[in-house]
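One-letter residues, chain by chain:
There are 2 protein chains.
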Amino acid sequence: MLEKMGKLALNAKEKVELLSTEKKNEALKKVAEGLIRHTDAILAANEKDMKNGQDKGMSQGLLDRLKLTEARIKDMSEGILQVAGLPDPVGEILEEWERPNGLLIQKKRVPMGVIGIIYEARPNVTADAFALCFKTGNVVILKGGSDAIHSNAAITESIRESLKEVAITEDAIQLIMDTDRETTSRFMKLNHYIDVLIPRGGAGLIRTVVENSTIPVIETGTGNCHVYVDKDADLKMALEIIVNAKTQRIGVCNACESLVIHEAIAEDFLPLLRTALLEKKVEIRGDEGVCRAIPESKAASEEDYGTEYLDYVLSVKLVGSVKEAVSHINRYHTMHSDCIVTEKEETAELFLNSVDSACVYWNASTRFTDGFEFGFGAEIGISTQKLHARGPMGLKELTAYKYLIKGKGQIRS
Amino acid sequence: MLEKMGKLALNAKEKVELLSTEKKNEALKKVAEGLIRHTDAILAANEKDMKNGQDKGMSQGLLDRLKLTEARIKDMSEGILQVAGLPDPVGEILEEWERPNGLLIQKKRVPMGVIGIIYEARPNVTADAFALCFKTGNVVILKGGSDAIHSNAAITESIRESLKEVAITEDAIQLIMDTDRETTSRFMKLNHYIDVLIPRGGAGLIRTVVENSTIPVIETGTGNCHVYVDKDADLKMALEIIVNAKTQRIGVCNACESLVIHEAIAEDFLPLLRTALLEKKVEIRGDEGVCRAIPESKAASEEDYGTEYLDYVLSVKLVGSVKEAVSHINRYHTMHSDCIVTEKEETAELFLNSVDSACVYWNASTRFTDGFEFGFGAEIGISTQKLHARGPMGLKELTAYKYLIKGKGQIRS
Numbered sequence: 015m016l017e018k019m020g021k022l023a024l025n026a027k028e029k030v031e032l033l034s035t036e037k038k039n040e041a042l043k044k045v046a047e048g049l050i051r052h053t054d055a056i057l058a059a060n061e062k063d064m065k066n067g068q069d070k071g072m073s074q075g076l077l078d079r080l081k082l083t084e085a086r087i088k089d090m091s092e093g094i095l096q097v098a099g100l101p102d103p104v105g106e107i108l109e110e111w112e113r114p115n116g117l118l119i120q121k122k123r124v125p126m127g128v129i130g131i132i133y134e135a136r137p138n139v140t141a142d143a144f145a146l147c148f149k150t151g152n153v154v155i156l157k158g159g160s161d162a163i164h165s166n167a168a169i170t171e172s173i174r175e176s177l178k179e180v181a182i183t184e185d186a187i188q189l190i191m192d193t194d195r196e197t198t199s200r201f202m203k204l205n206h207y208i209d210v211l212i213p214r215g216g217a218g219l220i221r222t223v224v225e226n227s228t229i230p231v232i233e234t235g236t237g238n239c240h241v242y243v244d245k246d247a248d249l250k251m252a253l254e255i256i257v258n259a260k261t262q263r264i265g266v267c268n269a270c271e272s273l274v275i276h277e278a279i280a281e282d283f284l285p286l287l288r289t290a291l292l293e294k295k296v297e298i299r300g301d302e303g304v305c306r307a308i309p310e311s312k313a314a315s316e317e318d319y320g321t322e323y324l325d326y327v328l329s330v331k332l333v334g335s336v337k338e339a340v341s342h343i344n345r346y347h348t349m350h351s352d353c354i355v356t357e358k359e360e361t362a363e364l365f366l367n368s369v370d371s372a373c374v375y376w377n378a379s380t381r382f383t384d385g386f387e388f389g390f391g392a393e394i395g396i397s398t399q400k401l402h403a404r405g406p407m408g409l410k411e412l413t414a415y416k417y418l419i420k421g422k423g424q425i426r427s
Numbered sequence: 015m016l017e018k019m020g021k022l023a024l025n026a027k028e029k030v031e032l033l034s035t036e037k038k039n040e041a042l043k044k045v046a047e048g049l050i051r052h053t054d055a056i057l058a059a060n061e062k063d064m065k066n067g068q069d070k071g072m073s074q075g076l077l078d079r080l081k082l083t084e085a086r087i088k089d090m091s092e093g094i095l096q097v098a099g100l101p102d103p104v105g106e107i108l109e110e111w112e113r114p115n116g117l118l119i120q121k122k123r124v125p126m127g128v129i130g131i132i133y134e135a136r137p138n139v140t141a142d143a144f145a146l147c148f149k150t151g152n153v154v155i156l157k158g159g160s161d162a163i164h165s166n167a168a169i170t171e172s173i174r175e176s177l178k179e180v181a182i183t184e185d186a187i188q189l190i191m192d193t194d195r196e197t198t199s200r201f202m203k204l205n206h207y208i209d210v211l212i213p214r215g216g217a218g219l220i221r222t223v224v225e226n227s228t229i230p231v232i233e234t235g236t237g238n239c240h241v242y243v244d245k246d247a248d249l250k251m252a253l254e255i256i257v258n259a260k261t262q263r264i265g266v267c268n269a270c271e272s273l274v275i276h277e278a279i280a281e282d283f284l285p286l287l288r289t290a291l292l293e294k295k296v297e298i299r300g301d302e303g304v305c306r307a308i309p310e311s312k313a314a315s316e317e318d319y320g321t322e323y324l325d326y327v328l329s330v331k332l333v334g335s336v337k338e339a340v341s342h343i344n345r346y347h348t349m350h351s352d353c354i355v356t357e358k359e360e361t362a363e364l365f366l367n368s369v370d371s372a373c374v375y376w377n378a379s380t381r382f383t384d385g386f387e388f389g390f391g392a393e394i395g396i397s398t399q400k401l402h403a404r405g406p407m408g409l410k411e412l413t414a415y416k417y418l419i420k421g422k423g424q425i426r427s
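Here the protein sequences come in this chain order: A and B. Take 15 as the starting number for the first sequence in this note's numbering and just add one per residue. Take 15 as the starting number for the second sequence in this note's numbering and just add one per residue.
The following block holds chain A by itself, in its conformation from the complex (with noise of 0.2 Å):
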């Protein structure tokens, strides 16, 4: 059966990969159309869904991920207009030159072929992935939790639907039925048919995909993001900062997990955090010097400073210096996004060149690393890892470059 949609994507590849700008865009408002044109049987297929997860005993948090409304639909409609109004980034010649020898190289932008998105509860992932995918010319297959499998059913019924209505091959979008994780090890191996694979979740999604994909993956999400506060900082800013990075919102892969800060302003400074910090319900767990002067914060483990929370709990570590805060946070981040506070340009740039981050900030909340927030206008994700693409991932890196070499009959000697 994967076998078999992975042929059908990639004759799909070979159609949708010529598309004109303007063909993919009236396709994308012809699906954001259909969506909702489609919304009572959206919502018929999400109410299967939202009923097996009640009888399952499914947590609030999670039946409120999966639930779809009609002015849920109405956003996943809004979403992929916004995508069909941005820019198309494919056919766009990178670079140009010419060889002594004659040959003109040319350096194009283009699709990345066949792209495999494995994702969780959202059923909102499911047109969202699609419309980025297909606004860059790629053919996705796409492979959702079992238990939005009715939704994602329904949404990808409907884009199949409007994607026909314009004579474009409804390959275009596959969604693979079974979800047991058998047939999810197997889609992970599909290297003959998939150009790349994308999983959106949490750690442990993330995880498995890593280590059992033999697919090229863009490894995206987990972050524990640090701020570090030099003694150089302006202190008031430095309390901001890290009131909006930690409490903004909790609980995404952006918000800071873990606090830095120089020995030299604690004494000043942990009392003006632990009012703040307090205020908000953020559980502290620091190092001895962090427990002496805040007596409601617990002792930090080794594990506190490489957890990514997700809650109302933050590590702090006191240092001796800059140097000493860029060591600690190459040893426990996740190379996601990191922070330095200070007024001084020659520590801000130490910092700047020396911690391996996607995202390294000066004077501002780590909560700004997000596509939209970057002016991408779109984003499938964030990106982890140093190959292809790092951080915020719009419309551009979901696309690859090939080389044409246009000749008079060179040969080489």
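FYI, nobody ran anything at the bench for these hints, they're computed from the structure. Heads up, some of the hints might be wrong.
Pairs involving identical chains hold if they fit within one copy or between any two copies, as the list cannot separate such chains.
[As the list claims (entries may be wrong)] Computed cross-link-like contacts, PhoX-like style, restricted to lysine-lysine with a CA-CA straight-line distance of at most 25 Å:
| # | residue 1 | residue 2 |
| --- | --- | --- |
| 1 | K420 | K121 |
| 2 | K121 | K410 |
| 3 | K410 | K122 |
| 4 | K337 | K121 |
| 5 | K358 | K420 |
| 6 | K358 | K29 |
Please arrange chain B on chain A, whose structure you already have, making use of the hints.
Relative to chain A, chain B alone:
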């Protein structure tokens, strides 16, 4: 042991990535001189490997790849000097923009970090891979083949000594001395320490790495390259390109392994092809039409079309249209290099845009897929995947980027 090497590499990374271009070039020159100075020690080590190889009954071809001479060491040394002379891509600001909230976002080219290289019998890869990685601010951990272990160790020792002389951490290069399978297998799962793994060698090695590595891999190498002779081809040019692509050097990944010929010119072209290929002692494996026209040819099996022979063998297939040619190539190729010979621009454009290869040629030999022929001045390998880099990889392809975000206390609302 591997864990310890990983930790040393991370420590070295923090220092190497901050080295100035001047300092790196100075070190490369020292390393080049050091190899010459250590010629005797390297030759003595190589002697041991050669003796072991002979005792094991290694083939003449492999022994030749393994053998070092004074001249070959001089070549290695000169190769390093050439890399020292190339521009350093690290540090370039690729893009820079300001957001409406005043955040300044800079996309900066940075070293990849720690690069793992797994390779086979050629000891010169040791020096070559080090030079390319070091020039781009990366640290390397090398895992060569057991057959070359003494040579690799002597070369590595020489490089480490030269680095020490210019006060750069020796751990910029480390060689894994255990060459058993289990060590290799564990090496491919050191995600915490290694940012990217590049296999250099035959198809078997590359498959093993792709199937077993949990570290992001750049797949290199295998090339089932095609030449398509269109109905509007200049037949004389087609013949020259085919002979060059097939026979100028047998056994390289950018050599032609398969021909696709438009039926409309088969009657005129096949007799010419026959004469040219038989003269070069190339065995032809063709479909029915080809076998009829060239009595010396054998019937091609399905497997033949997908085979990278690296030998004096060529598969040949007749097709009725350029579209059929594209479908055939996209089905059997390895996404390396494919060529169309035609005088018609429209046909060429269709082929160039539809054949999904790293390098697509119009009227030129596939043998130009090479970092030096592209003008990169160096080459670490030829990527056949779509993530990160495609085609010849030079210095730029050994780098990643990071985002530096500079603010004045901005927080997200």
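Problem set entry | Hints that the structure is at odds with (numbers, increasing) | none
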